[in-house]
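**Student:** Since chain A is already given, all that's left is putting chain B on it; use the hints.
Line by line, the protein sequences are chains A and B. In terms of the UniProt record's numbering, the first sequence has 73 at position 73, counting the first letter as 1, and numbering is strictly consecutive. In terms of the UniProt record's numbering, the second sequence has 75 at position 75, counting the first letter as 1, and numbering is strictly consecutive.
The reader is advised that the hints may include incorrect statements.
Unchecked claim - With a Cα cut of at most 27 angstroms, we get these calculated BS3-like pairs of lysine-lysine: (1) K81(B) x K70(A); (2) K70(A) x K28(A); (3) K33(B) x K31(A).
As the list claims (entries may be wrong) - With the Cβ distance kept under 7 angstroms, some of the chain B side facing chain A (calculated, not the full set): (4) L4; (5) I13; (6) A35; (7) G102; (8) D186; (9) L190; (10) W193.
These are calculated hints, taken from the structure and not from any lab test. C-beta atoms are modelled at their ideal positions from N, C-alpha and C, and glycine is treated no differently.
If you want the building blocks of each chain, they are given just below.
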Amino acid sequence: MEVLNRQEALVCNYEVLMVLQEEDQRHKRIKSTPYFKYPENVNTLKFEALHYLNDTACATQSAEQIATLKGRLVDYDLTKAEVLQIINLRPKKAVELHLIIEECEERFGMDDLEVMLEEIKSALPRADDDEDENEGEDEANDEDGGDMD
Amino acid sequence: MFVLAVLRDTLKIVPSEFTKSREEALKYEINRKYANRVLHDIGLCMMVHDILEIDEGYVQHSEGWIWVKVIFRLIVFRPFKDEILVGRIRSASPEGIQVSMGFFDDITISADQMPVGSEYNGTEGVWVWRYEGNELFMDLDEQVRFQVLDSAFLDVNPPRPKIGDVDSVPASHPPPYSLICTIAGDGLGLLTWW
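This is chain A alone, in the form it adopts within the complex (with noise of 0.2 angstroms):
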């Protein structure tokens, strides 16, 4: 056995998934084959692995999307691994591109952190977008009524 590339390229999470799901339907399909054991590690792999990612943003995106985003994000200036965390994590709040994005603050304006939060919602949306909203309406509510108090 011999390595030839440790690390040809950086895969994002949602190719994993497809990867997965795909070895997963191909185990359904030969299941019941006769005298056939499917290997151990492999499952256990392979149903961890699914499990986990299913849980991430990625179980909701698709590659029409991803390649929305990154041609979105193009202008600013990133690093792959900025924009492959970026499309992994898919950060919802200004605080998580500050993690994400190395010296933020002498790169980007929070104007800029807004418009690129914007953007990736725009290009990821999910389902559960409008709940945060409204999580965030019901706080404002909540103030309002203190202080009428």
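**Tutor:** The following block gives chain B in isolation, referenced to the frame of chain A:
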């Protein structure tokens, strides 16, 4: 958190698999050999991504299967330094906490990498962050966002029971691949905090 590694290996296809396409049989063999195993200095191997080259294969005399030289790309879990990841708190002790991602468990956040002002609560068995008068508990199974500081590869031999002690359980051995991480910093720690 995942990379593609290009590997070359010689794998065998046994007669019972001759009915499958060569690529399918090889993918099955690659997964069987590499899935869920740590390769030293490479990372945790997940699944084969695709096959780049297959040679014609040869049959060794006195054997009944085909040996094939394959060049393929493997999906490997190997986060880079400073990468941000999410996992669940698996266990806590005065030394720090252990975080798990399900398919990978050996993530350590030591006591000095906890947020400033946190301490271990012996009675509850969890860490607590004291921030601005609030006590924020880091309960087990809570999701946390952490940052990778370093990774450690250990070339381990399989554990051997001591000679003469047939019933002894081999002591737990250090993990072949572990991550050293931190949750001290804005945005890190429990997802519910930010």
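**Student:** Please go over all the hints and tell whether each is borne out by the structure.
**Tutor:** Hint by hint, here is what the structure shows:
1. Distance check on the hinted pair: K81(B) and K70(A) sit about 22 angstroms apart at the alpha-carbon level, within 27 angstroms; holds.
2. At most 27 angstroms may separate the alpha-carbon atoms for a hinted pair to count; K70(A) and K28(A) exceed this at roughly 34 angstroms.
3. Restraint check: the Cα-Cα separation between K33(B) and K31(A) comes to about 19 angstroms, which is no more than 27 angstroms; the hinted pair holds.
4. Restraint check, L4(B) versus chain A: the minimum CB separation of about 5 angstroms is within 7 angstroms; hint holds.
5. Annotation: interface hint on I13(B) violated; nearest CB of chain A at approximately 15 angstroms, more than 7 angstroms.
6. At about 4 angstroms, the closest approach between the beta carbon of A35(B) and any beta carbon in chain A falls short of 7 angstroms, and the interface hint on this residue holds.
7. Annotation: interface hint on G102(B) holds; nearest CB of chain A at approximately 4 angstroms, less than 7 angstroms.
8. Here the hint on D186(B) is kept, as its CB sits about 6 angstroms from the closest CB of chain A, short of 7 angstroms.
9. For L190(B), the interface hint is violated, since its Cβ never comes within 7 angstroms of a Cβ in chain A; the closest pair sits about 13 angstroms apart.
10. Violation of the interface hint for W193(B) is found here, the shortest Cβ-Cβ separation to chain A being roughly 10 angstroms, above the 7 angstroms cut-off.
Hint compliance for this structure: hints 2, 5, 9 and 10 are broken, all remaining hints hold.
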